[in-house]
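Asks: Sequence:
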Amino acid sequence: MSDEERGPGGECAREALAERLRGLREGSGRTYASLARRIGVSASTLHRYCTGQTVPAEFAPVERLARLCGRTPEERESLLHLWLRADAERVERIEAGAGAGVGAGPGAQASPVAGLAPGTGASADGGPVTGAGAVTGAGAVTVARAGAGPVTIAGAGPVTGAGAVTGPGAGAGPGAGPVTGAGGPSSARRWGRALSVCGAVALLALAPTGSLPERSEGRAAVSAPPALPFTWTSDDHVWKYGCGHSYLVARPPAAVPPPPAEADAEGWASALGAVHAGETGVRITLQGRDERAVVLEALRIRVVGRRAPADGRVHRMSSGCGGALTPRTFDVDLDRERPVARSVPGNDTGEPIPAVSFPYRVSSSDPEVLLVTARAARCDCDWVAELRWSGGGRSGTVRIDDGGRPFRTSGAPGRPVHDYDHGAGRWVVGP
Numbered sequence: 019m020s021d022e023e024r025g026p027g028g029e030c031a032r033e034a035l036a037e038r039l040r041g042l043r044e045g046s047g048r049t050y051a052s053l054a055r056r057i058g059v060s061a062s063t064l065h066r067y068c069t070g071q072t073v074p075a076e077f078a079p080v081e082r083l084a085r086l087c088g089r090t091p092e093e094r095e096s097l098l099h100l101w102l103r104a105d106a107e108r109v110e111r112i113e114a115g116a117g118a119g120v121g122a123g124p125g126a127q128a129s130p131v132a133g134l135a136p137g138t139g140a141s142a143d144g145g146p147v148t149g150a151g152a153v154t155g156a157g158a159v160t161v162a163r164a165g166a167g168p169v170t171i172a173g174a175g176p177v178t179g180a181g182a183v184t185g186p187g188a189g190a191g192p193g194a195g196p197v198t199g200a201g202g203p204s205s206a207r208r209w210g211r212a213l214s215v216c217g218a219v220a221l222l223a224l225a226p227t228g229s230l231p232e233r234s235e236g237r238a239a240v241s242a243p244p245a246l247p248f249t250w251t252s253d254d255h256v257w258k259y260g261c262g263h264s265y266l267v268a269r270p271p272a273a274v275p276p277p278p279a280e281a282d283a284e285g286w287a288s289a290l291g292a293v294h295a296g297e298t299g300v301r302i303t304l305q306g307r308d309e310r311a312v313v314l315e316a317l318r319i320r321v322v323g324r325r326a327p328a329d330g331r332v333h334r335m336s337s338g339c340g341g342a343l344t345p346r347t348f349d350v351d352l353d354r355e356r357p358v359a360r361s362v363p364g365n366d367t368g369e370p371i372p373a374v375s376f377p378y379r380v381s382s383s384d385p386e387v388l389l390v391t392a393r394a395a396r397c398d399c400d401w402v403a404e405l406r407w408s409g410g411g412r413s414g415t416v417r418i419d420d421g422g423r424p425f426r427t428s429g430a431p432g433r434p435v436h437d438y439d440h441g442a443g444r445w446v447v448g449p
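Sequential numbering of the sequence shown, starting at 19, is according to the numbering used here.
Everything labelled a hint here was simulated from the structure, so no lab data went into it. Because the structure is a prediction, the values reported are computed rather than measured. Positions of the beta carbon are idealized from the N, C-alpha and C atoms, including for glycine. It is possible that some hints are incorrect.
Derived Cβ-Cβ restraints for the label pairs, each shown as a range [as the list claims (entries may be wrong)]:
| # | residue 1 | residue 2 | range |
| --- | --- | --- | --- |
| 1 | A245 | D384 | 39 to 45 Å |
| 2 | S288 | P434 | 21 to 27 Å |
| 3 | A442 | G88 | 45 to 51 Å |
| 4 | R307 | Q71 | 33 to 39 Å |
Working from the sequences, and respecting the hints, build out all of it.
Replies: This is the structure:
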């Protein structure tokens, strides 16, 4: 490991990672917008990665960029170690900021995060919902399609970063109902951050032993279903153009830290008990396990819990965003008795993108990214996505959720709105 990668200072790993990413971008001869489209992020987000303004919340976009630029498995592994160090520093900064709980403004007071209750009403059951009953409610859901997915390091299996988690390891046979993910993104990110490189090595060392709780080998052989023919990851803190998003926070503005970068949003929101206000952006990345194509037939959105809008104040992460990147979209009206995805055209920096609808195909060399935007105006809604698939003589439905829990989106009618004044170092009432 080089001296630069070793990084003795607190910010060295982030700066070293940014320099490596800049080198990849410059060496490719491509623009930020061109590369960003290929790796599944916005141009402004990629620019922040390359300038060290923020650290990617997951390794997947770094891996995709390295592969796109023709880097060897050894070089990609070096980038992984560097990203792990930079991500650990990022998490330490988040925890330090949440511990302080206060911006730089005068008169701000720290307030404990524990016990925060951002909304009212009982939480909904996170399990699969069966049947074809009617789904009604306020708001709309948009599903968008981008063109990149997770990539694995050769010989090392799938690489999942702190912000992503591989989907369920068990497939569903024909006619099976929704399959709950074995490990969701939120929990994986939290544990992933706690693990160091040493922890990852320890996990690899344990893997060959095949140790499992004692059980009948005959029963295991009969009951264990085959693995899904594809993997999935989800991230529910996707902002418009990398900067436009709002959260409901049930705390006094003086006790709310400054807005984070998009890559740090999950830790910031989790520490404060913040709820997505009005809109939730979820990126679902899918990739086949081998070259055999898997057909993605349909994506359904199911509301599994509905309450009055959550309490709190709306905190906008940015007072304005640039860029004009809008991928292909699918509109779903949750007010209809039987919501149906309707394909509509999109736009990419002024160039129209034709509407494209299901089905899609994924394989190990042809991943897919779906961008789901769920909106709510009159409810605090818990919801999940159900993806129907077929391939290799099998078919089934997999449930996409937030680590075993539904995604959550709350309307914010009449709630106070606050923007962050960076000059004064405090939250102020917005227009």
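Asks: Are the hints correct? Go through all of them and say.
Replies: Hint by hint, here is what the structure shows:
1. One distance hint, 39 to 45 Å for the beta-carbon pair A245 and D384, is violated here, with the actual separation near 19 Å.
2. About 22 Å separates the C-beta atoms of S288 and P434, a value consistent with the hinted range of 21 to 27 Å.
3. Taking the beta carbon of each, A442 and G88 are about 47 Å apart, inside 45 to 51 Å as hinted.
4. Taking 33 to 39 Å as the suggested C-beta distance range, the pair R307 and Q71 conforms, at roughly 35 Å.
Of the numbered hints listed earlier, the single one contradicted by the structure is hint 1.
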